[in-house]
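Engineer: My request is simple: use the sequences and hints to build the entire structure.
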Amino acid sequence: MQKAMQTGLIVAIILAILTIVEYVFAVNFDHDTIRFIGLSFAAFGKAALIVYYFMHVYRLWRVEEAH
Amino acid sequence: MAVVAPTETYHAVHDHLKLNRAGLWLFFFSECVLFGLLLSARFFLEGIERGELDQLLGLGITIILLLSSVTAFTAETAIEHDNRKLANWGLIATIALGVLFTGGVAYEWSIAHFHRNEAFGTLFFTMTGIHASHVVSGIGILVLVWVQFLRGRYSSKDHWPLAGAVMYWHFVDVVWVFFYPALYLVK
Amino acid sequence: MHALKSVAGAAGLGMIGFYLGLGFVAVLRAMLGYPDAWGGEINIVGGYVLGVIGWLMGIGMWGTWSREWFGLKTYQRQAPGWQRYFTFNTDHKVIGIQYLVTFVVVFLLAGTIALGMRLELASSGMQFISHSQYNGAMGLHGILMIAVAVASVIGGTGNYAVPLMIGADDMAFPRLNALTFWLIPPVAVALLATPFLGGIETGWTAYPPLSTTTNSSQILFDLAIITFGLTSILGGLNFLITIIFMRAPGMTWGRLPIFVWSMFVTSWLALLYTQGFAVALLMIMLDRVAGMAFFNAEAGGDPLLYQHVFWFYSHPAVYIMVIPGFGIALEVISHFSRKPLFAYRYAVGAFLGILGLSGVVWAHHMFTSGMPNYLHGPFLVATELISIPTGLVFLSALGTIWMGKLWLQTPMLFAMAVIFNFACGGVTGIFLADVPTDIHLHDTYFVVAHFHYTIVGGEIFALFAGIYYWFPKMTGRMYNETLAKLHFWWMFIGFNLTFFTMHLPGVKGMNRRVADFPESLDNLNMLVSISGWLLGLSFLVFIYNMINAWIRGPVAESNPWRARTLEWQVSSPPPHENFPEQPVIKGHPYDYGVPGSVHGVFPNAIASAPAAGTAGGGQ
Ligand code: HEM
Ligand SMILES: [Cu+2]
Chain A
4 MQKAMQTGLI
14 VAIILAILTI
24 VEYVFAVNFD
34 HDTIRFIGLS
44 FAAFGKAALI
54 VYYFMHVYRL
64 WRVEEAH
Chain B
28 MAVVAPTETY
38 HAVHDHLKLN
48 RAGLWLFFFS
58 ECVLFGLLLS
68 ARFFLEGIER
78 GELDQLLGLG
88 ITIILLLSSV
98 TAFTAETAIE
108 HDNRKLANWG
118 LIATIALGVL
128 FTGGVAYEWS
138 IAHFHRNEAF
148 GTLFFTMTGI
158 HASHVVSGIG
168 ILVLVWVQFL
178 RGRYSSKDHW
188 PLAGAVMYWH
198 FVDVVWVFFY
208 PALYLVK
Chain C
5 MHALKSVAGA
15 AGLGMIGFYL
25 GLGFVAVLRA
35 MLGYPDAWGG
45 EINIVGGYVL
55 GVIGWLMGIG
65 MWGTWSREWF
75 GLKTYQRQAP
85 GWQRYFTFNT
95 DHKVIGIQYL
105 VTFVVVFLLA
115 GTIALGMRLE
125 LASSGMQFIS
135 HSQYNGAMGL
145 HGILMIAVAV
155 ASVIGGTGNY
165 AVPLMIGADD
175 MAFPRLNALT
185 FWLIPPVAVA
195 LLATPFLGGI
205 ETGWTAYPPL
215 STTTNSSQIL
225 FDLAIITFGL
235 TSILGGLNFL
245 ITIIFMRAPG
255 MTWGRLPIFV
265 WSMFVTSWLA
275 LLYTQGFAVA
285 LLMIMLDRVA
295 GMAFFNAEAG
305 GDPLLYQHVF
315 WFYSHPAVYI
325 MVIPGFGIAL
335 EVISHFSRKP
345 LFAYRYAVGA
355 FLGILGLSGV
365 VWAHHMFTSG
375 MPNYLHGPFL
385 VATELISIPT
395 GLVFLSALGT
405 IWMGKLWLQT
415 PMLFAMAVIF
425 NFACGGVTGI
435 FLADVPTDIH
445 LHDTYFVVAH
455 FHYTIVGGEI
465 FALFAGIYYW
475 FPKMTGRMYN
485 ETLAKLHFWW
495 MFIGFNLTFF
505 TMHLPGVKGM
515 NRRVADFPES
525 LDNLNMLVSI
535 SGWLLGLSFL
545 VFIYNMINAW
555 IRGPVAESNP
565 WRARTLEWQV
575 SSPPPHENFP
585 EQPVIKGHPY
595 DYGVPGSVHG
605 VFPNAIASAP
615 AAGTAGGGQ
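So the protein lines, in turn, are chains A, B and C. Reminder that position 15 of the first sequence reads as 18 in this note's numbering, one-by-one numbering, no gaps. Reminder that position 39 of the second sequence reads as 66 in this note's numbering, one-by-one numbering, no gaps. Reminder that position 524 of the third sequence reads as 528 in this note's numbering, one-by-one numbering, no gaps.
Bear in mind the hints are in silico, worked out from the structure with no lab data behind them. Bear in mind that the values here come from a model prediction, so they are computed numbers and not experimental data. Glycine included, C-beta positions come from ideal geometry on N, C-alpha and C. Possibly wrong hints are sitting among the right ones.
Examples of chain B residues toward chain A, derived with CB under 10 Å [to be verified]: (1) 48; (2) 93; (3) 107; (4) 113; (5) 115; (6) 119; (7) 198.
Structural biologist: Here it is in structure tokens:
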């Protein structure tokens, strides 16, 4: 339980930091293309983290682990 | 193969958890196309142009939705370990944060500086509206699950409805991960 | 009695829901200070949504499913005999037959509308109906037939045959399966109500700006088709999970019957692309109901957006229609040639190739729409690339027929006609995919002829192959072979006369979707109309044969075609749980004439069961 919660919280903190960085970057950066690419990367990264750690996508192909 | 006397009528056994989970993922794939098309429409019509938006409000509701994902995760992890008290709080917090998010969107709508009969307004209201409708349905599902939870229906062995609702909630969050920068930050 | 109670009760609840929805929206509008609280299209939206919910709950979703959401005990209404077809039944065999019968009826109805249109088109000038009535009839014919093409083979034969063929006891989500069927009646009601609001003047493609300004029947069309898309998506999801997870032991991907493969690929297409149609129509609805500006060029919108989103679904949709048709054709051809399916792996590869390519060719419908010129080349090339996988399907079919012991029963005749007709349809597709020729041919009857060759010739013929092929399994009775062959030849000749001739006025520039045409085309159109009626009348033979055989046809054996796939190894019709015990798969389904080969076995067979022991050895 503790370990699972810990992983989740670490991921959440990374997500929060990414969101803030995304925001600060977008508000202060002035090159359209690079801003767009940067935001896309951030979005895909965040989505991947959620899909893997929160939605447990690996449970689709991994045999059910004991909790 | 062992020869056993066949039973009168045979009943196949299925791993329903596996079927349900995979089915839910396929539903997400399909929804991805829905949201992806809306996103494409946004760039098709307006490029990266956007109307005037309250940036702090946008960041605020984004953080709220992210927090709600954390509490949803907490609820699921807790029930997996039969920690009912934590699961209860996780569910309540998720529902509350979801309501807060919806309220934020509604407020955003009420102070918007553009109208729905212009291109950006059309896109903004449609995208946030369809996303918010998913949030609202997610809240509805979570409330139903919470009621069943209070009646003691779930345990670490058997909690698919809760796990499924939480997955749906995370999915709605993933959609916002793309919609937020596309609407607020690209320009 | 059960049947009547079930359907009438549900319809009553649906009506109540409809009026509640209307009123609810009206109250909201009054509160928000709109002058015409009752007059908006948004009232129809509200009514439709609540109406559908009422209908579903009434038909049995409440008892079978929704009660569970509130922690209540679920129950299922048990209706005896034929009456179970009118309840929320979760047996895939019942649902398959529900789909088939429903869509055959819709097919006949939409066909009758087409005969009416051909009456008007028999000669130039306006004879019987007005331009706008013609448009309404044409739109209704089009969308009903699209619905038939999308749902009849998938929902009907697919639902019936797939679980049996893979050795499963049912679909993965039986209640979801029933839901997909019971969403169809509201769709039908909404579509059939469109003439009362002025008719679908836009045709089935519903292009803006006409669709955002035309009469209110458009809103019913949008709601109906969004619902219909939902059934497609949920059905596809169900098939995918069933095929991935519920195959019998030993049923590896390499041993999957080709029809199941085709359903697998089709289900991916339906799952992923159908959202496009829904989004496109949702945008139209928002433009109409909420005053948005997606397609309002004045306010920064763009009608081309619609065409992109719409064809992003609707091109893959043509493969949703035709791939299960290919599947049935290959399946039947192998069984009736008494030979292993030639190039099985290539045929599977072809389906997967079509799956991959179908998402990148949509703009070949837009060569004259004013999209940027640099897009023409890539979409031309991508479209013609699809001929490669399509060619592989032909390779497989022809290679199987080649030197086979052809058994020319009705299903086989229909299956071979699929190959013939689709060749014509595919060849005309090349002219349409070529930008220079398409600029001339676009929106003429050449296009109409093309897609009737592909859809009717490629899919509806396969649907009939499937109906004749599985009829003894579904009903336990045998149809009259002579009448069936009469139906085949009559339909085949009528079809080719009608639609081959139709290319000619098209090449001469006759516009589609217009009720009138230049006098110089009179003769050709008279010929098309007469052959069209000929084609239409052929279905009388079919109806008579089916009804007659179902009621008093001779009892069918469990395996009249001596086929090897699993569905033929159980009684006709199969027992409720499909198999007396878990079948185990030992070999390829099509190894006809291969010494010692077996497909499915029942390891613990009960001696008295019809499928005792080794099933389906080489013949
Ligand atoms: C062999 C490959 C095929 C090619 C190269 C092809 C090509 C085309 C092209 C370029 C058009 C646009 C014509 C125009 O509007 O100017 C078209 C229209 C159409 N095709 Fe095909 N096609 C093929 C197969 C199919 C199949 C398999 C189906 C259905 C089962 C189909 C159904 C349709 C329909 C319904 C339309 C008209 C849509 C409308 O405007 O209402 N086609 N085809
Ligand atoms: Cu196409």
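Engineer: If a hint holds in the structure, say so; if it doesn't, say that too.
Structural biologist: These are the hints, each one checked on the structure:
For the restraint placing residue 48 (chain B) at the interface with chain A, the shortest Cβ-Cβ distance is roughly 7 Å, inside the 10 Å limit, so the hint holds. Proximity of residue 93 (chain B) to chain A holds as hinted, the smallest CB-CB distance being about 6 Å (cut-off 10 Å). At about 5 Å, the closest approach between the beta carbon of residue 107 (chain B) and any beta carbon in chain A falls short of 10 Å, and the interface hint on this residue holds. Given the 10 Å rule on beta carbons, the hint for residue 113 (chain B) holds: about 9 Å separates it from the nearest Cβ of chain A.
Restraint check, residue 115 (chain B) versus chain A: the minimum CB separation of about 15 Å is more than 10 Å; hint violated. Restraint check, residue 119 (chain B) versus chain A: the minimum CB separation of about 17 Å is more than 10 Å; hint violated. Satisfaction of the interface hint for residue 198 (chain B) is found here, the shortest Cβ-Cβ separation to chain A being roughly 7 Å, below the 10 Å cut-off.
Of the numbered hints stated above, those contradicted by the structure are hints 5 and 6, listed in ascending order.
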